[in-house]
Structure formats: C-alpha cells, structure tokens
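Trainee: For the protein sequence lines, the chains are B and H, in the order given.
Residue numbering for the first sequence follows my numbering, beginning at 1 and increasing consecutively.
Residue numbering for the second sequence follows my numbering, beginning at 1 and increasing consecutively.
Calculated from the structure, these hints are not laboratory results.
Don't take every hint at face value.
To be verified - Simulated crosslink set (EDC-like; lysine to aspartate or glutamate; CA at most 16 Å straight-line):
hint: 1; chain 1: B; residue 1: K322; chain 2: H; residue 2: E466
hint: 2; chain 1: B; residue 1: K150; chain 2: B; residue 2: E103
hint: 3; chain 1: H; residue 1: K424; chain 2: B; residue 2: E347
hint: 4; chain 1: B; residue 1: K42; chain 2: H; residue 2: E466
hint: 5; chain 1: B; residue 1: K47; chain 2: H; residue 2: D376
hint: 6; chain 1: H; residue 1: K424; chain 2: H; residue 2: E413
hint: 7; chain 1: H; residue 1: K382; chain 2: B; residue 2: E337
hint: 8; chain 1: B; residue 1: K144; chain 2: B; residue 2: E174
hint: 9; chain 1: H; residue 1: K424; chain 2: B; residue 2: D352
hint: 10; chain 1: H; residue 1: K398; chain 2: H; residue 2: E413
Stated by the list, open to error - Part of the chain B face toward chain H, derived, beta carbon under 10 Å:
hint: 11; residue: Q321
hint: 12; residue: G358
hint: 13; residue: S359
Said to hold, decoys possible - Chain B residues, not near chain H, derived (Cβ > 12 Å throughout):
hint: 14; residue: N135
hint: 15; residue: K193
hint: 16; residue: I237
hint: 17; residue: R375
hint: 18; residue: E402
hint: 19; residue: L411
Where a beta carbon is used, it is the ideal one built from N, C-alpha and C, also for glycine.
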Amino acid sequence: MKEQLQKDFYNNIKNLSLSQKDIEIKKFCLDNFIDKGFPNKKEEDWKFSDLNQIIKNNIGELSFYNDQASTNKVDTSVFVDGLEHNKIVFINGRIEKIDFEYEKKDQIEIIDQSETINEFENSNSLSDLNNAFTNKCFKILVKKGYQLLKPLIIYHTTNSKIWSKNINLRLNFELDKDSSLRLIDLFNDTSEKNFLNIFYNFELKENAVLKNYKVDKFENKNIKYSFNNIDQDKNSISETFILSSGSNFSKNEINCNLNGVYASAFVNGVFSLNNDKHHEIRSIINHLTENTKSYQLIKSVLEQSSKAVYQGKIFVNSDAQKTDGYQLSKAILLNKESEFNAKPELEIYADDVKCSHGSASGSLNEDSIFYLMSRGLSYQQSRELLINGFLLDVVEKITDSEIKNLIKNLLGIKE
Amino acid sequence: MDNRQKEINNLKDYKYGFSTDIENIQAPKGLNEEVIKFISNIKKEPAWMLEFRLKAFERFKVLKEPDWQKPKFPKIDYQDLYYYSAPKSMKDKPKSLDELDPKLLETYKKLGIPLQEQARLNGIAVDAVFDSVSVATTFKDELTKQGIIFCPISEAIQNYPELVKKYLGSVIPTSDHFFATLNSAVFTDGSFVYIPEGVRCPMELSTYFRINASNTGQFERTLIIADKGSYVSYLEGCTAPMRDENQLHAANVELIALDDAEIKYSTVQNWYPGDQDGKGGIYNFVTKRGLCKGKNSKISWTQVETGSAITWKYPSCILKGDNSVGEFYSIAITNNHQKADTGTKMIHLGKNTKSKIISKGISAGTSDMTYRGLVDISSKAKNSTNYTQCDSLLMGNKCGAHTVPYIKNKNSESNIAHEATTSKISEEQLHYCQQRGLNPEEAVGLIVNGFCKEVLQQLPMEFAVEAQKLVGISLEGSVG
Numbered sequence: 001m002k003e004q005l006q007k008d009f010y011n012n013i014k015n016l017s018l019s020q021k022d023i024e025i026k027k028f029c030l031d032n033f034i035d036k037g038f039p040n041k042k043e044e045d046w047k048f049s050d051l052n053q054i055i056k057n058n059i060g061e062l063s064f065y066n067d068q069a070s071t072n073k074v075d076t077s078v079f080v081d082g083l084e085h086n087k088i089v090f091i092n093g094r095i096e097k098i099d100f101e102y103e104k105k106d107q108i109e110i111i112d113q114s115e116t117i118n119e120f121e122n123s124n125s126l127s128d129l130n131n132a133f134t135n136k137c138f139k140i141l142v143k144k145g146y147q148l149l150k151p152l153i154i155y156h157t158t159n160s161k162i163w164s165k166n167i168n169l170r171l172n173f174e175l176d177k178d179s180s181l182r183l184i185d186l187f188n189d190t191s192e193k194n195f196l197n198i199f200y201n202f203e204l205k206e207n208a209v210l211k212n213y214k215v216d217k218f219e220n221k222n223i224k225y226s227f228n229n230i231d232q233d234k235n236s237i238s239e240t241f242i243l244s245s246g247s248n249f250s251k252n253e254i255n256c257n258l259n260g261v262y263a264s265a266f267v268n269g270v271f272s273l274n275n276d277k278h279h280e281i282r283s284i285i286n287h288l289t290e291n292t293k294s295y296q297l298i299k300s301v302l303e304q305s306s307k308a309v310y311q312g313k314i315f316v317n318s319d320a321q322k323t324d325g326y327q328l329s330k331a332i333l334l335n336k337e338s339e340f341n342a343k344p345e346l347e348i349y350a351d352d353v354k355c356s357h358g359s360a361s362g363s364l365n366e367d368s369i370f371y372l373m374s375r376g377l378s379y380q381q382s383r384e385l386l387i388n389g390f391l392l393d394v395v396e397k398i399t400d401s402e403i404k405n406l407i408k409n410l411l412g413i414k415e
Numbered sequence: 001m002d003n004r005q006k007e008i009n010n011l012k013d014y015k016y017g018f019s020t021d022i023e024n025i026q027a028p029k030g031l032n033e034e035v036i037k038f039i040s041n042i043k044k045e046p047a048w049m050l051e052f053r054l055k056a057f058e059r060f061k062v063l064k065e066p067d068w069q070k071p072k073f074p075k076i077d078y079q080d081l082y083y084y085s086a087p088k089s090m091k092d093k094p095k096s097l098d099e100l101d102p103k104l105l106e107t108y109k110k111l112g113i114p115l116q117e118q119a120r121l122n123g124i125a126v127d128a129v130f131d132s133v134s135v136a137t138t139f140k141d142e143l144t145k146q147g148i149i150f151c152p153i154s155e156a157i158q159n160y161p162e163l164v165k166k167y168l169g170s171v172i173p174t175s176d177h178f179f180a181t182l183n184s185a186v187f188t189d190g191s192f193v194y195i196p197e198g199v200r201c202p203m204e205l206s207t208y209f210r211i212n213a214s215n216t217g218q219f220e221r222t223l224i225i226a227d228k229g230s231y232v233s234y235l236e237g238c239t240a241p242m243r244d245e246n247q248l249h250a251a252n253v254e255l256i257a258l259d260d261a262e263i264k265y266s267t268v269q270n271w272y273p274g275d276q277d278g279k280g281g282i283y284n285f286v287t288k289r290g291l292c293k294g295k296n297s298k299i300s301w302t303q304v305e306t307g308s309a310i311t312w313k314y315p316s317c318i319l320k321g322d323n324s325v326g327e328f329y330s331i332a333i334t335n336n337h338q339k340a341d342t343g344t345k346m347i348h349l350g351k352n353t354k355s356k357i358i359s360k361g362i363s364a365g366t367s368d369m370t371y372r373g374l375v376d377i378s379s380k381a382k383n384s385t386n387y388t389q390c391d392s393l394l395m396g397n398k399c400g401a402h403t404v405p406y407i408k409n410k411n412s413e414s415n416i417a418h419e420a421t422t423s424k425i426s427e428e429q430l431h432y433c434q435q436r437g438l439n440p441e442e443a444v445g446l447i448v449n450g451f452c453k454e455v456l457q458q459l460p461m462e463f464a465v466e467a468q469k470l471v472g473i474s475l476e477g478s479v480g
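Start from the sequences and build out the full structure, keeping to the hints where you can.
Mentor: In structure tokens form, the structure reads like this:
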C-alpha cells in the first residue's frame, strides 16, 4: 500500500499549485499515515469495528489518485423535490457546485482554505490521510446575526466514473454570533466499492445554532467514515441527527467541545440495518465549563446479520459544575444473527453534576405483538407498527419540521 | 462525646497498621526458576505442580505488564520482591493451635480473628493466611464429618492431588493475563474448599489474609469447588501493616459450581490504603473468576472495597451451564489518593442464563473510581437476561468517577438493560439529617449507607456490620 500511497500522492500534488512549505506539511501527514496505517481493532476506539480488515475484505487494495481537472455533469434528478434549499454538490470527491441562491450574498462568505490542514483531538490516522489527499477545502462563514432562510443540502454523489478507490473530503464552517445554519448531508452513491473519508469542522460562536442531519439511506456498497468536530461557544446549540442505513460500512464520529457556558449539544441517531451491514456511531461530548448540557439518543433496528455499535462518552472536566449529561441507546435485534455492541462511557471529575446513561437491547416485545394482534392486526402489521413507533421516538427529536417530514418520508414512517 | 463518635475516633487511623516481629524464612529476592523451585520444594510439592508453575513462568516471561487501565502506577520491579515469606515457626507445621507461635495468635487476636475455637465467632470456620502460608484452619473436624474439605491449598496439593489437578487452572489457565500468570508461577498458599455432592455447608467458611513482611508480594490462590447440588458461603478479609513502600498483592481465585450448586463469595477488602498523601499502600491486582459449569448453578460475588492504594479487579462469571445465574454486588470506596478500577465480566454461554450487576462507587478526596464491566451474550445463549446498575457518588470536585461498560449482545432472544448515574449527595438530604440532630459526618455516613444498602444486604450478618462501619470510617474527613 505504501508505494501506491506515495505514487498517488505525487501525482496529486503535481496538479496543485502549492508552495514548498505546504507540500512539506502534506508530506508529513502522508508519512504519519503510512506509519500508522488504517485503524484496527487493537485501538480501543476501533475495538468493535476493525476498519483495516473491513477495507481489506471489501475493497482490497486502495488507490488514492483522483484526476480532478475535468468536471462531472451534475445530475439534477438527485436533488430533493418539494423543499427549497441551497446546494453544495460533490461528485466523486470534486466540488462541482456551490449555490446559495436563496440567501443574501453578502452574509455568507466562502473562503478557500485548501492550503490549511485540520488537526483534531480524539482523532486518528484517517485525519492524516485526509489532510494529505484533500485538494480543495472551503470554509463557509455565516456572518454575524444571519440566519439562513433555507437549509443547505450537501449532496455526496459517487458514480461509475470514479478514478480511485478512496475519496477524501473536508469542509469547515464558522457560524458567527447569533447566526444559524441547517445542514443536510445526503448520500447518493452508484459507484462500486469505495472508501469515503469525510472531515467537517464546525466553529459555533455565541448564540449560534447548528442543525446537522446526516442521511445515508440509499443502498450502496461504500465504506464511509465521517468525523465532525464541533467547538461551541457560550449559549450555542448543536443538533446532530444521523440516519445510518445505506452503506455497507459506516462510522460516524462526533467530537463536541462545549467551551462556553450554557452551550448544549444534542446527538440523535437511528440505525436501520439489514443484510451484513456494519455501522457505528461514536460520540465524545466534552463538558469543559459549567452549566453545559448534552443529550444523546440512539436507536437501532437490526435485521439479518447486521451489526450496530454505539460508543458514547461523556467527559466532565473538574470546572464543569452543573453539567447535565444524558445518553440512551436502545436496540431491537430481529434476527438471531444480528448483533448490538455498546460502550456508553462516563468520565467525570466534577461533583455537582447530573449524568446518566442507559442501554438496552433485546427482541421485539411479544406481549405488545400479542396486544396488537388481538386487536385485529396481522403479525407483520404489528411488527411494523412497533418498529415505526420505536424509531419515531428519535425522529420526533428533530426540531425542524420541514426536515423532520423529509426524514420521515425517507424512513417510510407514517404517523 | 457520644459512643459512635468515640468509635470513629478510635478507628480513624488504619487500625490494622501494626506489624508483627516474627522471624521469617524468605526465598531469595527476585524471580527466576530457582525461586520457583525453592517455593515448590519447601511446600513439598509433587512434580506435576512444579511443572504447572514452570509452564506459567515460561509464559510470564513473554508477557508485558498491561497498561490499559485507568490508574497508572510506577513500574514494579519484579526482581526486587520476595516471593516467599513464612514465619519460621511454621517450617514444621504445628499439629494443633496450641503449638502455634503465640505472637501469631496475638496478631490475629488484634485483627479480631479468633483462631482458638473456644472463642469462636458464631461458628465461622477460618483459614488464616500470614504472608505466604496458611497458619491455622479452624473447625476442621466438624467439616470433615460432612465430607467437606477446607484446608490450605498447599495441603490439598499433597492430600487431594486428583481434585486439585483436575480443577486448578481450569478457570484461570496458566496462559491468562500478566498478573494471573505471575500468580500461577509463584503462588504460595491460599484456601482450598471442596463441598461434596448434595451437602449444604453448615457454616460460613472464611479466609483471613495478612501481609506482614515488607517487600513481600502476596500471591495466594483460592480454589473452591461446589459439587452437584451443594451450597457454600465463603468470606474473605484482608489487612496489611502500614508501610511506606507499595506492596503487591496478586491473588487468583477460582470458583467452580457444578449442576445445581451455589457458591456465594463475599470479600471485605481493607488492605492498607496508604497515608493521606498517597504514600505507601497495597497494589491489589487480583484475578477472580467463577465458572458455572453445571446447569442451574449459581455464583454470587459480593465485595466491599475500601482499602488498597490501587484496586484493580474484576470478579467474573462464566455462565456455561444452562439456566445458570451470575451475580455481582459491589461497593467501592476511594478516599485520599486511592484509585480503584473494578467491575465484573458476565459471559453468557448457556441457554436461559441470567446475570445481575449492582455496583456502587463512592469517591472522595483526590481519589479516582472506575467501574469497568463487560456483559457478553453469545449467539448460543438463548433467552438470557442481564441487568446492570452502576451508580457513583462524588464528594468534592477533586475526585473522579467513571463508568466504562462494554455491552455485547449477539442473541436476539436475549435482553440486556444497563443503567448508570453519577451524582452527589444533595443539599436537601444533608439538611434534613442535620436538622434532626446529626452532625455533617454522621449525616453523610447515613446517606452513604443508604446508597449502599442494596449491596450490604447481600453480605452475611457479621460481615455486614463490619462493612457498614468500614464505609463510615473510609469516608472520614471527606466532608466539610
């Protein structure tokens, strides 16, 4: 893999106009990655999902070079109907379109940050891979007091024209004081097996509100990794919703630093898996100052031999008095082959806190099915009703009604 | 001053901190094959036992000291320890208690462990282990009548080799982790219990461990076998003198329950925790594992952990037999600079297996408490259930309380429920108690005892009283 990485790396930087210093930095990241390799189960955070093995078994050897000189045709049929929205379109890892047609142009700034690299706490070797291979990186700055009128949808599309087996993406967002952004990540893949490696960095200033919905619903063979780093200032709110369903393998990581007082973070997730899919959510909420709040709810419905993993950690610094932290994960195993693993973790150094977690997994409640069947529903209907109700609980946590309906439609949940 | 206050003052310092001047026989310092042969030789062990030890030692040489745990500790120099230390008078074993060194009897009297049977404590049979050897076992006759074997493991190796050979290392193999393997290589003494088929052990069996000599690691090994349909309740207590240096204690405990048998294992661990500045104290790195081998068997662990500078142990149950039950009740209290990383493993292999985990952690001062547990329901363990509850209580903002549960469910017909909370003693509760005339420390003691009640109830009567007092004492000086 080392030769391939180096060859592709030099092919890649040839096409970029980078200063010698920037090349050095990228080279340093590449060497770091070559040194560490893909995360494997020997690392505590990857205990339940051995990415190294998964890539080996599903894709085999990776290639990394993408020729990004030529443009791809934007297929408008993938756009969401019935919801007016701004767009960013990625096709095979290349930014094809950035369109804020519904917004005031002077309130949003798009800054090219391609020469920078991102370094995060609680990250891993994949951030090095990402830094070494991302060609373009933009920062989207929402200016003070501006609240986007329409949601922003980021379309992640891959198709058969893709060159390499690996795509690295990076985006930075800054929400200035009193601003707000609703962001939907929509995955639409028709390519064969690829490894997607996505890093987002969010910086929330005072009173800023971020709502991020990640929707991976359509069946595809890809292996996805996504890392969100969220830094939150005083009074800011972040809401993350993850619908984890379509890809063969997917791991979403959220690292959230609550730096300012009264900041709050919400992480909600739904796993709806079948066949031999293997998905994971890992969240780390760092309560770093007093009076911060976090709430997490993860629900899974697992069919066939699918496997879901939830690793959630609440960290409370000794300064973070009056912290309120809550975490709940529930799973329904529908097949004797399916598997649910959880590691809900608390690390607490302050005494005046209210922190709790719960985790439960098991089969569908036979009594409930009996109850519904005795009222005239078929077994299948009762089952669907119960599963819908189970998942609806999380979907109802979405605070934006337009997007809530969109996601309900996607999940096929009727009220 | 009322009585309770007097009592607390008396007990304020670690009351078991004295050491006894007794002439010792020690193995040469260090760890090598010679020392292992020396131990084996002095214990007059058969060849297979020495082989067992050497095999473990071979394996030990390639193992590395684990470093994943939360409490970090300075590197232990394994060559700078004595692996065998015995009172000189024990070289030729005394036939009865009358021949026992009076100093030893005195020590145990100070500890509140009456070895003389006339001063018996509600009929509990005691096996006392002093440094590396078992010094006395009481009530032997009465137990023998029922066919129960309760003796030091070194005696069992000689007298009941078939039993020992069959079960020793069957739950904790010589190829286990670093400290367990070390124990397999150099273990010196401990208790052996065998309860025959259908016998309900008429009294509580108890072992009292005492580390006396300095620079000595204590490596005891306990093996309890409950044959079909039998029942035994076993208690374990431990203390050590106050010393400035850290002492290592790495014991192995193996429990085997056959069909319909039940073993109840209770521990009140009160090793010397070090002084207020965190100097000295015992490193308590213990491996405890129970195997529910037969169907309908049950193993229940109850522990009250108040001592040791570092506690690092996970009493576990392997639920292999169908319908078997595993239970774990724990109170862990850390104060000053103590660190504890403790919890359990429940491994469900058989059908209809059940497990229950209740863990209560209390941290005060600048201490650190971690609950770390694993619940693993395998794909064959149909219809199994687990319930876990771990609550932590924090006193002051310099201490830490952590929860790291691992939950694996591979069976759709099984249910796992897990709950954890972390909180502090509420002002309202304190105010309520103080209003009724309790001083702040008594109020905290009362509330903490209430918090721990679920676990304290599981202990046998005499132990429960002791444990309750211990809870109060351990938290001395943590309020205000």
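Trainee: A separate judgement is required for each hint: does it hold in the structure or not?
Mentor: Hint check:
1. K322(B) with E466(H): Cα-Cα ~36 Å, so violated.
2. K150(B) with E103(B): Given pair K150(B), E103(B) holds - Cα atoms ~8 Å apart, limit 16 Å.
3. K424(H) with E347(B): holds (15 Å)
4. K42(B) with E466(H): violated (43 Å)
5. K47(B) with D376(H): holds (14 Å)
6. K424(H) with E413(H): Not satisfied, since the Cα-Cα distance of roughly 37 Å exceeds 16 Å.
7. K382(H) with E337(B): holds (12 Å)
8. K144(B) with E174(B): Holds: K144(B) and E174(B) sit about 10 Å apart, inside 16 Å.
9. K424(H) with D352(B): holds (6 Å)
10. K398(H) with E413(H): At roughly 43 Å apart (the allowed maximum being 16 Å), E413(H) and K398(H) break the hint.
11. Q321: holds (7 Å)
12. G358: holds (5 Å)
13. S359: Holds - the Cβ of S359(B) comes within 10 Å of chain H, reaching about 4 Å at its closest.
14. N135: It holds; N135(B) is separated from chain H by about 39 Å at its closest Cβ, greater than 12 Å.
15. K193: holds (26 Å)
16. I237: Holds, since 24 Å exceeds 12 Å.
17. R375: holds (25 Å)
18. E402: Non-interface label on E402(B) holds, nearest chain H Cβ at 36 Å vs cutoff 12 Å.
19. L411: holds (22 Å)
The structure fails to meet hints 1, 4, 6 and 10 from the earlier list, while all remaining hints are met.
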